[in-house]
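Take the sequences, apply the hints, and build the full model.
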Amino acid sequence: MTERKSAAFFRAEGVILSRGVMAASAYLAGNAQRLGERALRLGFVALTAPVHGLLGQNDRTLATRLANLAFRNMTEDRIAELSEEYARDILEDSVLDQGRELVKRSRKQGHRIVLLSDNLASIMEPLCERLGIFDDLVCNRLEFRDGRATGKLLDPVVGGHGSGRWIRDYADQHDIDLGRSVAYGGHGPDLLMLSAVGNPCAVNPDYTLRRSAREADWPIVEYRE
Amino acid sequence: MSKISIRQAYRDRHVLVTGASGFLGKVWLVMMLDHIPEVGRIYVLIRPKARMPARKRFEKMVATSPAFKPLHEKYGPKLGEFLASKVEVVEGDIGTPGLGIDPELLPRLQRDLDLVINCAGLVDFDPDLRDAVLTNVLGTRNVGDFLESCDHAKLLHISTCYVTGTRNGTIAETLLPNFSPDGSDFEVDRELDDIEQTIAKLIEKNQSPKHMERHRKKALKKIRERKLDPENATLMRTMTRRAQRDALKDTMIKEGQRRSYKYGWPNIYTFTKSMAESVLIKRADKLKFAVLRPAIVESALNYPFQGWNQGFNTCGPLSYLLGSWFRHLPVRNGNPFDIIPVDYVCRGMTIAGAELMLDIASPVYQCGSSDINQLTIDRACDLVALAHRRHLRERGKSTMERVLLSRWDAVPSEPEHLLSVENIRKAAKGVTKLMRKVPRKWPKGMREQTDKWADKAEDVKDKLNTIDRLLTLYLPFIHDNYFVFECAALRRNQIEEAAFVFDTTAIDWRHYWLDVHVPGLRKWCFPLFEGKTPEKYQPDHPFKLPPPTPAPAEIRPAAEA
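Residue numbers (our numbering), protein chains in the order written: chain Z, 1 to 225; chain S, 1001 to 1561.
The reader is advised that the hints may include incorrect statements.
A partial selection of chain S residues facing chain Z, derived with a Cβ cut-off under 7 Å [what the hints assert, rightly or not]:
hint : residue
1    : Asp-1250
2    : Leu-1383
3    : Leu-1386
4    : Val-1411
5    : Glu-1414
6    : Arg-1510
Each pair of labels, with its calculated beta carbon distance range [to be verified]:
hint : chain 1 : residue 1 : chain 2 : residue 2 : range
7    : S       : Glu-1448  : Z       : Leu-47    : 46 to 52 Å
8    : Z       : Gln-109   : S       : Pro-1527  : 53 to 59 Å
9    : Z       : Arg-88    : S       : Ser-1324  : 22 to 28 Å
Hints in this document: simulated from the structure, not taken from any laboratory.
All values derive from a computational prediction rather than experimental measurement.
Note that the Cβ used here is the ideal one computed from N, Cα and C, for glycine as well.
Structure below.
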């Protein structure tokens, strides 16, 4: 009987990337077609920032949904082009070296490398293509109708506690042994994802995750400047 | 639906093409020679120029035009040999009866030709009426006469979808005799006679003593403006002649526009192209022909290579404008903008030609994208803005371009927008007036400064006038009318060779505008707007056309379909 595969699950924000989802939202909103539209959309993103901050250590789904409402009625062309630009010019520079090291180590250990991100697919797909170090990507997708964004995210929305359930489904589909798999997360909402695998690891954890990691005796990695 | 093999249809067939030095004709010629080397012989009708015979013109075209790149790459030093075996340059001019073809060559062409493709045309929107009628209408009539004298040749005439004028809605693939967009009484021969008489009258008027005096006054004014010697008789004569010529041209343009608007065409180009169709329809009993109507022909999607474009064509000036500080483009959101890459049009021409030779042709082939892969004008505006943004962010000449202009996106707006050209022009006029009326008691330095500002405002006003003229030309296509062109005839039959399949759903508009069309315009067309020369093509092996070889003279039975 052949041995089942194992995977390494990485949360992008905080583990691989130093920038979060709000920066991407602000970039896209601030580069809308009309000048007035830019101000309005940016204002909307700014209003959702406190929600994101408040829910940051629990469930971020609501905040992510709100932030993406700022793209309502923006064209798919513009979102695709700006996303590629953001991935190439900004996000690529914010890839953390320590994060790359963790990926390399996991690769050496023979894990399938899976990246989970709250960001939009239009941003993460070109980034992953450029980095070329991930086997699979799971991220959020905007809904489009007649070439324009409705502002809604397609379900399931990445960023909440759903990652735990998602990781089990993923393991079933790809015949992955979760007991031998590893996961790296940095925020409270990653708790269920980390607890689903045999080898969880908290990276630069926030208060909620740090407390839980200590209680569960999970390793904690702190990136140094 | 029948299955057609394009290679089979053209095998050993002889084709004459006019307008091969134009954007469309050139790409078609290269595509044909590259993909269908089985074709019998291609006769290229080229007009000789003052110091360059047709053969030399063709040789120069092959040696320097980037469109011939695929052939240079395929045949290398043997290209001359290949072309000599396949192509025969025919000196002639469609504006001349009998096409100006050498009488010695004429019988051979009349006997051998299977297909004539008439690509020649004057594509400026509002040219001198005399030139437009000569090339687009009388030229087509001459081609028709020539076809009638041929043994079995059929004609594929290249027209434009926009012959529909201001008739809105879904435009079917039909040929209507003596068509006028507003349905008013129109008869092409009567109109041609009338135009001829009017032109003669206008020329006579232009030469009348009263008008000659006006030309002389204009010439004198120019001489004085340029600080030249008004006593110089030769100079005076030359300048007067020039003023007379310019005045006549303006009159002819105005007359052409008046006639076009009268029947519902937006410009002289579409008016004369529609007249040409009417000329052909009148001969339907004597001629076997089909009309191919392309929509807005733009940069190549793939062939001869991605982004190839030539000259000042169709929406190039608009795209150029949207890369400047000009922002508010008057368009009607949701209106289709029927762009079709030149290689798709050439596929369409090849299919239509094959079907003509196989006797299964449709009378009209419309060649556009609006029916099954519609691009709207507002989407095109957004894509142009994004393409300029990409270029300026990466390769802007100054910080201003990289940081500000790249983010200064063009936006669709209504013609009455607060920042419309008209309103900005009024503001500029106001500023000029105000600055010129500064009280004399103001200090000299301040008066000099206000004078400078007034000069700048004058410059802005001049630029706005140019933009206004441009927008007036394009408004019927981007704002006033709503057209969807039915293009079913080109998809009616199944094509065996993938290189000729006409499937516009395969065009991804985002990729086309961002990666193909606007970069192509930047490389091949924008330098022309800026008075620069676009990049020259230098093949690896210098090209020389070998002396002509004797053409096949035998009479062949018509090939089996």
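Here is how each hint holds up against the structure:
no. : hint                               : result
1   : Asp-1250                           : 39 Å, violated
2   : Leu-1383                           : 6 Å, holds
3   : Leu-1386                           : 5 Å, holds
4   : Val-1411                           : 5 Å, holds
5   : Glu-1414                           : 14 Å, violated
6   : Arg-1510                           : 5 Å, holds
7   : Glu-1448/S - Leu-47/Z: 46 to 52 Å  : 51 Å, holds
8   : Gln-109/Z - Pro-1527/S: 53 to 59 Å : 56 Å, holds
9   : Arg-88/Z - Ser-1324/S: 22 to 28 Å  : 26 Å, holds
When held up to the earlier numbered hints, the structure conflicts with 1, 5 and fits the remainder.
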